[in-house]
Amino acid sequence: MDQSKVPDIRIEPVTTAPARATGRYVLYWMTAARRTGWSFALQRAVEWCGQLGKPLIVLDTLLCGAPWANDRLHHFALDGMADIAPRFDKAGVLYYPHVETRPGDVVELVRALAATASVLVVDNFPDRFLGGVIEQALANAPILVEEVDSNGLLPLRAAPRVFGTAFAFRRFLQKELPRHLVACPVADPLRGKSLAPRPRLSSVITKRWPKTSRKLLNGSPAELAKLPIDHVVAPVELRGGPTAARKALRRFVAKHLDSYAERRNHPDDAATSGLSPYLHAGHISAHETLAAIAGHESWSPNRLRAKATGGRAGWWRMSATAEAFLDQLVTWRELGYNMAHLEPGYDRYDSLPDWAKRTLAGHAGDERPYAYTLDQLAAARTHDALWNAAQMQLVRDGMLHNYLRMLWGKKIIEWTRSPEEALTVMVALNNTYALDGRNPNSYSGIFWCLGRYDRPWGPTRPIFGTVRYMSSENTRRKVRCRQ
Numbered sequence: 076m077d078q079s080k081v082p083d084i085r086i087e088p089v090t091t092a093p094a095r096a097t098g099r100y101v102l103y104w105m106t107a108a109r110r111t112g113w114s115f116a117l118q119r120a121v122e123w124c125g126q127l128g129k130p131l132i133v134l135d136t137l138l139c140g141a142p143w144a145n146d147r148l149h150h151f152a153l154d155g156m157a158d159i160a161p162r163f164d165k166a167g168v169l170y171y172p173h174v175e176t177r178p179g180d181v182v183e184l185v186r187a188l189a190a191t192a193s194v195l196v197v198d199n200f201p202d203r204f205l206g207g208v209i210e211q212a213l214a215n216a217p218i219l220v221e222e223v224d225s226n227g228l229l230p231l232r233a234a235p236r237v238f239g240t241a242f243a244f245r246r247f248l249q250k251e252l253p254r255h256l257v258a259c260p261v262a263d264p265l266r267g268k269s270l271a272p273r274p275r276l277s278s279v280i281t282k283r284w285p286k287t288s289r290k291l292l293n294g295s296p297a298e299l300a301k302l303p304i305d306h307v308v309a310p311v312e313l314r315g316g317p318t319a320a321r322k323a324l325r326r327f328v329a330k331h332l333d334s335y336a337e338r339r340n341h342p343d344d345a346a347t348s349g350l351s352p353y354l355h356a357g358h359i360s361a362h363e364t365l366a367a368i369a370g371h372e373s374w375s376p377n378r379l380r381a382k383a384t385g386g387r388a389g390w391w392r393m394s395a396t397a398e399a400f401l402d403q404l405v406t407w408r409e410l411g412y413n414m415a416h417l418e419p420g421y422d423r424y425d426s427l428p429d430w431a432k433r434t435l436a437g438h439a440g441d442e443r444p445y446a447y448t449l450d451q452l453a454a455a456r457t458h459d460a461l462w463n464a465a466q467m468q469l470v471r472d473g474m475l476h477n478y479l480r481m482l483w484g485k486k487i488i489e490w491t492r493s494p495e496e497a498l499t500v501m502v503a504l505n506n507t508y509a510l511d512g513r514n515p516n517s518y519s520g521i522f523w524c525l526g527r528y529d530r531p532w533g534p535t536r537p538i539f540g541t542v543r544y545m546s547s548e549n550t551r552r553k554v555r556c557r558q
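If you count by the working numbering, then the sequence shown holds residues 76 to 558, one letter each, in order.
Calculated directly from the structure, the hints in this document are not laboratory data.
The beta-carbon is built from N, C-alpha and C at its ideal position, and this holds for glycine as well.
Any given hint might turn out to be false.
To be verified - Simulated pairs of lysine-lysine, DSBU-like, Cα-Cα distance not exceeding 35 Å: (1) K322 x K290; (2) K322 x K286; (3) K432 x K250; (4) K250 x K165; (5) K330 x K382; (6) K80 x K432.
As the list claims (entries may be wrong) - Per label pair, the in silico range of CB-to-CB distance: (7) G349 x L449: 23 to 29 Å; (8) S373 x G140: 45 to 51 Å; (9) S269 x T97: 34 to 40 Å.
Given these sequences and hints, build the entire structure.
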């Protein structure tokens with residue numbers, strides 16, 4: 076695989092200014108790919124350091140004003156910061172983690188650092204809120220700014236349109252992806268690099284926007300309690316960071332990959348990868364995950380099937396169970412990124428397919444057998460034991476089994492006053508408690524419950540119309556799940 080440079084399709088200039096030769100350093104604002112390897116963005120920043128002979132500053136920020144910011148999500152992100160800090164230090168990079176204590180601090184800090192930088196590299200991640208913060212921080216930036224896409228195997232800009240079904244997107248992937256697989260990010264872009272000595276930041280910057288303390292990086296409850304975020308949702312046992320992510324990947328490949336296709340839909344079998352929180356947090360990449368699968372399968376890209384059929388099996392020419400996993404990692408995950416990248420309202424009700432909006436509107440007045448409030452649902456106080464078990468898993472562990480997530484969402488549609496309210500409730504619960512909440516792929520799962528990426532299903536049912544229906548009784552028969 077050619078790893079000599081970051082592909083142009085992954086790089087999008089935000090400003091027209093040239094790189095500033097008189098700048099003191101290259102600034103990489105790490106907002107999504109929070110790791111020290113397998114990152115096109117970090118690799119691009121290192122490329123600029125080599126071209127300009129400048130040192131590297133990696134600014135890693137955590138926003139207190141982000142929607143649903145709470146102790147759980149902050150703690151997981153802080154785990155990642157604590158994990159990568161010594162790696163950057165060993166490589167001679169000035170790593171500057173900053174956790175906001177006041178909304179707007181990060182915008183001001185970025186502007187202050189950009190004022191003396193040569194070039195600024197930032198992650199390109201399709202999130203409406205984060206995108207707004209980045210746009211605000213970089214408005215009128217006096218230097219060259221580049222957004223770099225490290226999100227998935229397919230570059231975001233390679234897709235010409237929003238795809239409405241997994242089949243159509245899969246067929247496009249099978250035509251387009253092979254030429255992008257040869258341009259893989261470097262596993263360790265800092266290895267063997269002799270960077271210019273670390274710059275010293277002015278006391279004006281370090282006093283006004285100080286580096287995050289070691290206590291807070293280690294998740295000190297007392298330090299977390301000082302932040303202006305929600306303190307009701309507690310951290311979970313699962314630890315964040317690239318080290319934990321790689322352990323999860325190795326464990327999955329060694330113990331569960333070979334039986335993934337057969338066991339993935341049974342919650343008690345614990346056969347899923349558990350990588351979703353790490354992929355969302357940027358602690359591991361899709362490229363590194365594919366590399367681990369390829370190693371297990373003794374596979375290389377030259378084995379890909381030439382014909383693009385859109386079929387779920389056979390194109391990768393791996394084992395059936397590996398292909399089942401890759402369909403989730405690549406097709407379904409990147410389908411959500413495609414939507415979030417090209418559809419500004421990807422997280423809004425109006426983005427549903429027209430057929431789904433029509434049929435749901437036609438049944439919006441249907442009588443609901445049960446009606447629960449957001450608080451009742453959050454506390455798993457419903458009549459349905461299986462649904463309660465799924466919700467408690469979300470509250471307790473910060474994760475929801477993929478198969479149960481579908482039933483979880485369908486029942487919320489059935490138990491709320493309108494499909495619009497159902498969407499609001501699903502987003503609130505998922506983004507508050509799930510470690511992979513707020514991710515494009517997470518929104519795909521929520522909106523699928525309302526008809527996105529699906530088709531009409533008969534017979535017409537109350538509340539759902541022709542949107543696919545699921546029952547707890549049928550789900551109990553299909554899955555192995557203790558309640």
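Now for the hints, and whether the structure bears them out:
Under the criterion of a C-alpha separation no larger than 35 Å, the hint pairing K322 with K290 is consistent with the structure, at around 24 Å. The hinted pair formed by K322 and K286 meets the criterion: a straight-line CA distance of about 28 Å does not exceed 35 Å. Between K432 and K250, the direct Cα distance comes to roughly 32 Å. Compliance with the 35 Å bound is thereby established for this hinted pair. For the proposed pair K250 and K165, the alpha carbon gap of about 41 Å is over 35 Å, so the pair is violated.
A threshold of 35 Å between alpha carbons decides the hint, and for K330 with K382 the separation of about 32 Å falls inside it, so the pair holds. For the proposed pair K80 and K432, the alpha carbon gap of about 45 Å is over 35 Å, so the pair is violated. Between G349 and L449 the C-beta distance comes to about 28 Å, which sits within the given range of 23 to 29 Å. Take S373 and G140: their Cβ atoms lie about 48 Å apart, and the range 45 to 51 Å holds.
The hinted window of 34 to 40 Å between S269 and T97 is violated, with their beta carbons roughly 22 Å apart.
When each numbered hint is compared with the structure, violations occur for hints 4, 6, 9.
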